[in-house]
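Chain H: place on chain W using the hints.
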Amino acid sequence: MATTGMGSAKAGVPDDGKRTYRSEPGIAMLGATGAGKTTFLGALQIALLQDERGWTIWSKDPASRREMIKMNTALTSEGEFPLPSTGIDTFDWILGSRRERTERTGRLRSRSFEESVQVTLKLTDASGELARSDQMDLDDRRQLVEQVAGSQGILYMFDPIREFNRGDAYDKLFGLLMDIIATEAEHPGFDGRLGHHVAVCVTKFDEPRIYKTAESLRMLVWDSHDAAGFPRVHDSDARDLMHRLCRLSRSGTGQAVPQLLERYFYPDRIKYFVTSSVGFMVSERTQRFDPQDTENVYRIESGEALIRGPVNPINVVEPVLWLVEQMALNG
Amino acid sequence: MTATPIPVRAQWALHGKVLDDEGYQVIACSTGDLSKANFTDALGRFALGALDTLPQVSLSYLQPAARVSGGGYLALAIHWSPGNGKRHAAGVGHVDNQGRPTTFTSYFCAPYASLAPRCLTYLDMYQAFGDVTLPTRDGPPLDLLLAPAGQRAPGIDALAMRVAPLLLTGVPVCVLGAEETGVDERLRFIDTVMALLPYGFRARMTAATWTRATNRNHRFRLFFSSEPRAADKPDEVVHWGEPERVKIPSKAARAYYGWLNDKFKPLASLTQLNREYGFGDAADTRTLDLVLRFSRSPQEPPALEPPPPADPARTTDRARPAQGADPVTRILVECAEHARTLSVNLVRQDISDLQARLKSGQVDDRHRERYRRLITQSGLLSSGSWLQRNNEVRLYETLLALAFGLPVGYPAFCQIEDSLAGASGQGVHQALLAAIARVGPGDLRTRILVAAELEPRKLLKSLGSSGADGHALIRELALGGWHRRQHGRTFCDVTLGYLRERQGRYSIAEVQRVLLRCGYLAQPLRDIGSEQYQVHAIAQLLVAAFPLDAYPAGLDKTVVNAILASAPDAPTQALLAAILRRIPVSEARGAWEAFVYGSVARMNLDDETHGDLWLRLPSIEPEPPAAAQPDEPAAPGATGAPGAPTQPVPAMELLAAEAMPPEQDPRWQERPKQPWFPWSGSELDVPPWVNPGAHDLS
Numbered sequence: 140m141a142t143t144g145m146g147s148a149k150a151g152v153p154d155d156g157k158r159t160y161r162s163e164p165g166i167a168m169l170g171a172t173g174a175g176k177t178t179f180l181g182a183l184q185i186a187l188l189q190d191e192r193g194w195t196i197w198s199k200d201p202a203s204r205r206e207m208i209k210m211n212t213a214l215t216s217e218g219e220f221p222l223p224s225t226g227i228d229t230f231d232w233i234l235g236s237r238r239e240r241t242e243r244t245g246r247l248r249s250r251s252f253e254e255s256v257q258v259t260l261k262l263t264d265a266s267g268e269l270a271r272s273d274q275m276d277l278d279d280r281r282q283l284v285e286q287v288a289g290s291q292g293i294l295y296m297f298d299p300i301r302e303f304n305r306g307d308a309y310d311k312l313f314g315l316l317m318d319i320i321a322t323e324a325e326h327p328g329f330d331g332r333l334g335h336h337v338a339v340c341v342t343k344f345d346e347p348r349i350y351k352t353a354e355s356l357r358m359l360v361w362d363s364h365d366a367a368g369f370p371r372v373h374d375s376d377a378r379d380l381m382h383r384l385c386r387l388s389r390s391g392t393g394q395a396v397p398q399l400l401e402r403y404f405y406p407d408r409i410k411y412f413v414t415s416s417v418g419f420m421v422s423e424r425t426q427r428f429d430p431q432d433t434e435n436v437y438r439i440e441s442g443e444a445l446i447r448g449p450v451n452p453i454n455v456v457e458p459v460l461w462l463v464e465q466m467a468l469n470g
Numbered sequence: 051m052t053a054t055p056i057p058v059r060a061q062w063a064l065h066g067k068v069l070d071d072e073g074y075q076v077i078a079c080s081t082g083d084l085s086k087a088n089f090t091d092a093l094g095r096f097a098l099g100a101l102d103t104l105p106q107v108s109l110s111y112l113q114p115a116a117r118v119s120g121g122g123y124l125a126l127a128i129h130w131s132p133g134n135g136k137r138h139a140a141g142v143g144h145v146d147n148q149g150r151p152t153t154f155t156s157y158f159c160a161p162y163a164s165l166a167p168r169c170l171t172y173l174d175m176y177q178a179f180g181d182v183t184l185p186t187r188d189g190p191p192l193d194l195l196l197a198p199a200g201q202r203a204p205g206i207d208a209l210a211m212r213v214a215p216l217l218l219t220g221v222p223v224c225v226l227g228a229e230e231t232g233v234d235e236r237l238r239f240i241d242t243v244m245a246l247l248p249y250g251f252r253a254r255m256t257a258a259t260w261t262r263a264t265n266r267n268h269r270f271r272l273f274f275s276s277e278p279r280a281a282d283k284p285d286e287v288v289h290w291g292e293p294e295r296v297k298i299p300s301k302a303a304r305a306y307y308g309w310l311n312d313k314f315k316p317l318a319s320l321t322q323l324n325r326e327y328g329f330g331d332a333a334d335t336r337t338l339d340l341v342l343r344f345s346r347s348p349q350e351p352p353a354l355e356p357p358p359p360a361d362p363a364r365t366t367d368r369a370r371p372a373q374g375a376d377p378v379t380r381i382l383v384e385c386a387e388h389a390r391t392l393s394v395n396l397v398r399q400d401i402s403d404l405q406a407r408l409k410s411g412q413v414d415d416r417h418r419e420r421y422r423r424l425i426t427q428s429g430l431l432s433s434g435s436w437l438q439r440n441n442e443v444r445l446y447e448t449l450l451a452l453a454f455g456l457p458v459g460y461p462a463f464c465q466i467e468d469s470l471a472g473a474s475g476q477g478v479h480q481a482l483l484a485a486i487a488r489v490g491p492g493d494l495r496t497r498i499l500v501a502a503e504l505e506p507r508k509l510l511k512s513l514g515s516s517g518a519d520g521h522a523l524i525r526e527l528a529l530g531g532w533h534r535r536q537h538g539r540t541f542c543d544v545t546l547g548y549l550r551e552r553q554g555r556y557s558i559a560e561v562q563r564v565l566l567r568c569g570y571l572a573q574p575l576r577d578i579g580s581e582q583y584q585v586h587a588i589a590q591l592l593v594a595a596f597p598l599d600a601y602p603a604g605l606d607k608t609v610v611n612a613i614l615a616s617a618p619d620a621p622t623q624a625l626l627a628a629i630l631r632r633i634p635v636s637e638a639r640g641a642w643e644a645f646v647y648g649s650v651a652r653m654n655l656d657d658e659t660h661g662d663l664w665l666r667l668p669s670i671e672p673e674p675p676a677a678a679q680p681d682e683p684a685a686p687g688a689t690g691a692p693g694a695p696t697q698p699v700p701a702m703e704l705l706a707a708e709a710m711p712p713e714q715d716p717r718w719q720e721r722p723k724q725p726w727f728p729w730s731g732s733e734l735d736v737p738p739w740v741n742p743g744a745h746d747l748s
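Protein sequence lines, in the order shown, are assigned to chains W and H.
Residues in the first sequence are numbered from 140 upward in steps of one, following my numbering.
Residues in the second sequence are numbered from 51 upward in steps of one, following my numbering.
Okay, chain W solo, but in the shape it has when bound:
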């Protein structure tokens, strides 16, 4: 099996029994214009805060730090979406956490220690236009292809609404994959498949049409500990939901998107998630999820889209942590 761009994970055990694990995986974000790539990044900090696993995010790079703060402020304080990317933005963010770990020290003995985990994420957020076929000869497109080829994980944002309206996901993904494969094919041992781990995010779960589809397919599950009562689509159903949504593709090619991914990447390295970066609307009166009023986005008179209420990201942390974990496990 060919692997590309995999970083090696190193762990050391200092005298205090605490272990530090570090790695620097690169994660590229792909998806059409308006699929929600930049908003996903902006919501990551909020999602980590709401996650019980105690992950934190920060950055040493001043430019990455500034943009993280700006995106976070736009979403939380101003009710606005982050500025959509033009060109290619690269962020160096660090995910950090601590976890308990047990290690055998002899035949009958083992010991536990607390492990500090730091993962530097090199996130590439490219403008969706770069996936268009008319951009193939452009400099930015070449850079994007190189960056995706050199990364270890891919966050692929699939926007079902756009697929319903335009149906261009297959065309754009196919063109891009061909370019990436052409780059990777130069490496010895390339067997026709890309070694990246791919987290496929079916975005805009809060959009009523997507929510209703999941509901009608009886794919919604609830966490009894969730105070707001937000529903989710379990990861095991996410692929099926995507299939069902792809049937509604305007061009009719949407259904080929999962097949395309599973043909050119190793299927066991692909996982599907149903996500919403801004999350569901919370009823102001009950402070709970209202199945009749799910969408957390509205438009003002000028046509600009804004966020209605508090941001409660759904499945934003999970794809990132899954990628990190997979990359660490597979070296």
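Heads up, a few of these hints could be off.
[What the hints assert, rightly or not] Okay, the calculated bits of chain H under chain W, using three or more residues with CB under 8 Å as the criterion:
| # | segment |
| --- | --- |
| 1 | 85 to 96 |
| 2 | 149 to 159 |
| 3 | 261 to 267 |
These aren't lab readings, by the way, just hints derived from the structure by calculation.
Here the structure is a predicted model, which means the values were calculated and not measured.
Even for Gly, the Cβ is constructed at its ideal location relative to N, Cα and C.
Coordinates of chain H only, in the frame set by chain W:
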């Protein structure tokens, strides 16, 4: 003054989103030589990234595939938002059909060949193109009139002056900290920078008034941003309003910076001479004098008439010469300023002026001291590393002659060192040493110290051929009085190296005589080295005076006594230690006695005190020579003179001799045995310095 407008045929493109599509694209473009694909490529190549603040301007170029020289285009792109300020296109919305804010780019390019002859600037282009409202449908190229702002001297912008040479290094320059400035001001800055480079560089120039810092792969050579970008190849980062922080890494670029200072600064300074002047008789002479004076003291724009005396209390710059200061002082101050601004030609002129002043008259001590102070304060002796080596050495030669006098003797050398230590905390650097070597060291010390740093390998040879023999070196060492401990150490090392190198080629007897006269340098060495070093140095001197091959048995008692007890200075512990290493163990006691004798006998005591001590010291002083018995033959090998070479003794025998009682060793003269500890068996008078009441010392 407004120059005649120039007709320019500009090709254009409008880039952005239309409501029936969601992606950025070239919405419309001119139907000229350049195609939509050309525009798409050019716009994609020079993206700024998503920005909060618009409008912004980016500058680039377009080169046709044919690559005809002069056939390219200069491009100016205005990045703007319909919802924010001026609209540069009709019929476009400020959000796309997903409700996301849209930015547009109005892209213009004009033939380089039509812009270059009239030296049109980016500001000229911006003023003309900024007024254009582009259509959303393709159309013909635009025929515009570009008005050059007229010939103008570039403003003195210290940052631009440094950024221009930085660009020549090929590394992109990122300007930080300009958030408070407007797009016009940043564009003007870019224009100023480009005005300080040959116009032809615009044909390949790319610049932006702002870029998003996370847009790491852009290709702008000069750009503004909020943070440095974390690119693989780091940019040169400069800070708005802080030109002094800019370091120009390349020597050639620094030289270019110096050239700029020489040429542009005086021209630009004319705008600062804005007091009222009248034309009239001798206006030419007076104006020439005016600009020359101003170029020398730009802080105070001079009037044509002599200004009233300045209030001394307001003069904060200590280095600034007072009104009526002598010309050399004035030129020195200017030279320091020119060196600070790396103005090569002006510094060269200053050197010539100073040399002319030197030729015209002597410098008295009072002026020399003033010049020294000035040079120390301004750091002139360490400021010329950016000059060509010959000019740097010439500068230092001139300064040395003015402030320290020629030739440079040891006191002056120390003053130079102090001057450098005070100004920059550094030692005498190579170029300055070369200057001292050229003007001529004034004494042996300076010559050795300079040569030891400058050409250590040639030093010993040059000593041998110039007559500065070991005796002179030893005598100089004996004088002591080193301003810095390291000077003495260096000099001593050279001396030891010389003696080692020349062994067998100098008179041993003469070296013995010279060294004995100065107590084997035991006392002077205390001032220049640690105890370990002292022992090492004296041991080397002993080897020089008593070579191991000539004195394989070591030093005899007579020699030891002579060195320890008869030298003009009191022996030191280091001297004793070095001697002990050259004598058999059995003779150590004799050396101790000689050391004690020498130490006490050479104390500076009055006769009364000393007189009482004689009886209590070991008997070391040589007995008066007994009348020689005519029938008594001289002992074989004995020359009668201390220090005469002994017969070689095999090493094993020497070791055996160490175990032999001295009285059985025929090679050692028997001395009369006396109890050397004087207190036993006699009562002493209490010396005046003894603690009262301590009468009984027995």
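Hint check results:
1. Residues of the segment 85 to 96 of chain H with a Cβ under 8 Å from some Cβ of chain W number 4, which satisfies the need for three, so the listed coverage holds.
2. Counting residues of the segment 149 to 159 of chain H whose CB falls under 8 Å from any CB of chain W gives 4; the rule of at least 3 is met.
3. Here the segment 261 to 267 of chain H counts 6 residues with a CB under 8 Å from a CB of chain W, which clears the bar of 3, and the coverage holds.
When the structure is compared with the earlier hints, no violation turns up for any of them.
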